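*Asks:* Numbering that gives the first Met the number 0 numbers the first residue of the sequence shown as 0 and each following residue consecutively.
These are calculated hints, taken from the structure and not from any lab test. Heads up, a few of these hints could be off.
Only pairs whose alpha carbons sit at most 16 Å apart, straight line, appear in this in silico EDC-like list of lysine to aspartate or glutamate [what the hints assert, rightly or not]: (1) K53 x E118; (2) K89 x E118; (3) K196 x D174.
The following label-pair restraints were derived from C-beta to C-beta distances [stated by the list, open to error]: (4) D71 x A199: 17 to 25 Å; (5) R56 x S191: 19 to 27 Å; (6) D34 x A81: 34 to 42 Å.
Just so you know, these numbers come straight off a predicted model, no measurement behind them. All C-beta atoms in this analysis are idealised placements derived from N, C-alpha and C, irrespective of residue type, glycine included.
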Amino acid sequence: MIIKKQTRDLLLKQLVFILFISCAAVMSPPGGPKDETPPELIEVTPPNGTTHFKGGRVELLFSEYIDENTVDRAVSILPLLAEEPEIIYKGNRLHIYFPDSLSVDQTYIVSINRDLSDEHKVNLSQGIQVAFATGSEIDRGIISGSIYHSKDASLNLWKIQNENDHLKFYERVPDYVIDASSEGYYEFNFLSLGQYKIAAVDRALAG
């Protein structure tokens with residue numbers, strides 16, 4: 000009887016141990032901290048500031064995978080092109096295909112606003128601009144400033160073409176559109192010499 004009792008107790012302990020292991024096996028380790036780091040642009044090909052640009056592919060490499068659903072709203076080419084460029088998303092890379100019918104001596108800007116986010120839904124901390132020139136030099140004009148009492152402002156910029164354009168510029172699509180930063184700061188880069196008109200609007204109405 001003693002041997003049978005010991006055997007029964009041993010089997011019972013083994014059964015309890017097996018049940019404990021089975022229960023422990025289905026538990027998952029706790030998750031890490033929520034990703035709140037904005038994606039960053041880490042490389043551009045051809046490099047930012049390239050001259051004698053003939054069109055074709057531009058590749059932008061980011062620090063994280065990008066949310067494909069945010070690409071169309073976030074990326075634009077300035078000044079606006081008559082022929083829309085093709086934009087292809089590949090993980091943490093964006094491929095932008097410029098047409099070969101670009102204007103002579105023009106600086107073109109790839110503008111990426113704060114709507115672009117990574118796969119964890121974290122948006123850019125501020126807009127990005129990179130430039131390519133079809134001529135021998137990049138335009139270096141800058142218009143900058145701050146918008147107060149608004150965290151979701153965009154800036155529309157028109158280059159004035161002639162005297163009549165001073166009065167009717169708002170009737171046409173702006174030449175440049177960028178977002179202000181979360182602190183309200185904005186900066187248009189790579190502008191040619193000339194006169195400009197600027198207007199701040201809600202981001203939902205930009206462009």
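*Asks:* That 34 to 42 Å hint for D34 and A81 (C-beta), does it hold up?
*Replies:* Cβ of D34 to Cβ of A81: about 39 Å, so the range 34 to 42 Å holds.
*Asks:* Within 17 to 25 Å or not, the Cβ separation of D71 and A199?
*Replies:* holds (23 Å)
*Asks:* Against the 16 Å threshold, does the CA-CA distance of K53 and E118 hold or violate the hint?
*Replies:* violated (33 Å)
*Asks:* Does the beta carbon distance between R56 and S191 stay inside 19 to 27 Å, or does it fall outside?
*Replies:* Distance hint for R56, S191 holds at roughly 25 Å.
*Asks:* Compare the distance between the alpha carbons of K89 and E118 with 16 Å, and conclude whether the hinted pair is satisfied.
*Replies:* holds (12 Å)
*Asks:* Would you check the hint for K196 and D174, treating anything up to 16 Å between C-alpha atoms as holding?
*Replies:* holds (10 Å)
Checked against the numbered hints above, the structure violates only hint 1.
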